[in-house]
Amino acid sequence: MAPDLPLQPLTELVGVFVGGLSGGLAAVRKQFDIFGIVVLAWAAGLGGGLIRDVLVGAVPPVGVARWEFIVTAFAAGIAMYFFHPRLERARRVIAVLDAGALALFSVVGTLKGLELGAGATASVCVGVITGVGGGVLRDLLTGEVPVVLHHRQLYAIPAVVGASLTAVLWSTGTLTLLTELLAVAVVFVLRVVAMRLHLSAPGPWRGGH
Amino acid sequence: MAPDLPLQPLTELVGVFVGGLSGGLAAVRKQFDIFGIVVLAWAAGLGGGLIRDVLVGAVPPVGVARWEFIVTAFAAGIAMYFFHPRLERARRVIAVLDAGALALFSVVGTLKGLELGAGATASVCVGVITGVGGGVLRDLLTGEVPVVLHHRQLYAIPAVVGASLTAVLWSTGTLTLLTELLAVAVVFVLRVVAMRLHLSAPGPWRGGH
Amino acid sequence: MAPDLPLQPLTELVGVFVGGLSGGLAAVRKQFDIFGIVVLAWAAGLGGGLIRDVLVGAVPPVGVARWEFIVTAFAAGIAMYFFHPRLERARRVIAVLDAGALALFSVVGTLKGLELGAGATASVCVGVITGVGGGVLRDLLTGEVPVVLHHRQLYAIPAVVGASLTAVLWSTGTLTLLTELLAVAVVFVLRVVAMRLHLSAPGPWRGGH
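Chains as they are written, first to last, in UniProt numbering: chain A, 1 to 209; chain B, 1 to 209; chain C, 1 to 209.
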């Protein structure tokens, strides 16, 4: 049932680069040194996939084994090192690219789990982790509480939707390049709309007193 | 030598739920959104077992692969989301349940290692990690120093005793349902007595100057 | 191509002990209890190798499976518990020993990856992680931003050099006990010279405005 997925290689590199920019920026803001900036770019760009690979037993993970991914993440860190004032001004563009990376990673991460026979439940979980894990690592390594857990923007929910959709397509034998692209588009649109409309997840319930 | 362990399935779910409550509560206190609360419940309820499974190579780990466990942890998070003021008042009950979860997880975690052929040393280590790991993840994800490392209550020591006891029972061929229950009871009683008597582990030695 | 490496067993234990001292000291400074101090010694002394083993699929990792390593790390924690005022005064000696541990771990960690067939890229990555990972875990568990990411001393760069050198020696079939020792020596000398001369990695670039 595993379709050829020709969209992956290049777009994944773009996703890694965008994730890497967010890590590099966080490191620059914390006044990390050049090594720390590059490591943060690596953690943010490849950390989600790294946790995924460990959880499904695909070792050594892509994040340490595939030099073209590692070089891409490092390049994002180095770009941020040199151009952070300009890149900070491009924040909006980066946020949209980041929505694309989230969409791609959550769908592709779920697929990797399914292809390795991890089962639907595990695959959805690792798909979501692939999407949001890099940001969680980035935040932990810069001493911040992971922003995905408390910022109340809809960030993880689109990933959950995309991962679930992918698992459904897979189980029903309807996963093709087209439907895969559709799943990616759904996550992307959900995320961008949430940003535009400032949709937010609710905080702790106040009515239970 | 591996006995049938009929006590596990249901009691483990209870353990996951109780661990999940502690994660949900930590998230509510940090004003996390509903997604963050549910994730913290998952991390606290299933994180110890997840680390254990990664360390013994049982991938994908229970914490991402078994939907009944995941749903249980999520339910604990949702319960905390709606009822946190009441559940905070039930803190004492939760502390006792938590002692039960610690007891169960440390014994069952050790057994899983032994059954997978990890050897006595590794099994005791992963047993203790199963018992305390969820709380460590919970604390890291909420930006706190892990309470088990500094609070000076006897929390980990009972887990160490229980894991070691389980390994001894296994190696001597005396592990039965009865002796397993006894090991769980020993951890539970040690933990509850430590709470009641405010027994504490010593801080850094002052006499070495 | 894998040479016998008789230098490893004993020197690795020394490395674990020195790493353990740094973890124990961090825990003492945070007023952790005796359990926390011992756990931090374990995390700092064995954490790098533990992450390495998980990433290359060598489970259960040495850090939970080999009692002589675990006892060594615990001994470092207990030594720090009792003698921390004196050991703090010996900071310089410890810093030099730590340079030795960094050198050894990055070379030996790379070799383990290569021997397990992880490929050159992954092996260099896990070699560096072996060298610096224990310190990162130590810092995360004590609520600090990992010092290796921001302190601007050359700490990781020597590990990168040593890991790369080891991979080159391996690929070219020139890895012998002698050349392995040379690689260790290169890392050690680089690190010690960096300390002496206060060489530092640059922070975020200011010229890109």
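If you are wondering where the hints come from, they were derived from the structure by calculation, not from laboratory data. Any given hint might turn out to be false.
Below, in silico cross-link-like pairs of lysine-lysine (DSSO-like), each with a Cα-Cα straight-line distance of 30 Å or less [as the list claims (entries may be wrong)]:
{"no.": "1", "chain 1": "B", "residue 1": "Lys30", "chain 2": "C", "residue 2": "Lys30"}
{"no.": "2", "chain 1": "A", "residue 1": "Lys30", "chain 2": "C", "residue 2": "Lys30"}
{"no.": "3", "chain 1": "A", "residue 1": "Lys30", "chain 2": "B", "residue 2": "Lys30"}
Problem - Violations among the numbered hints, reported as their numbers in ascending order - result: Going through the list in order, the structure violates no hint and respects every one.
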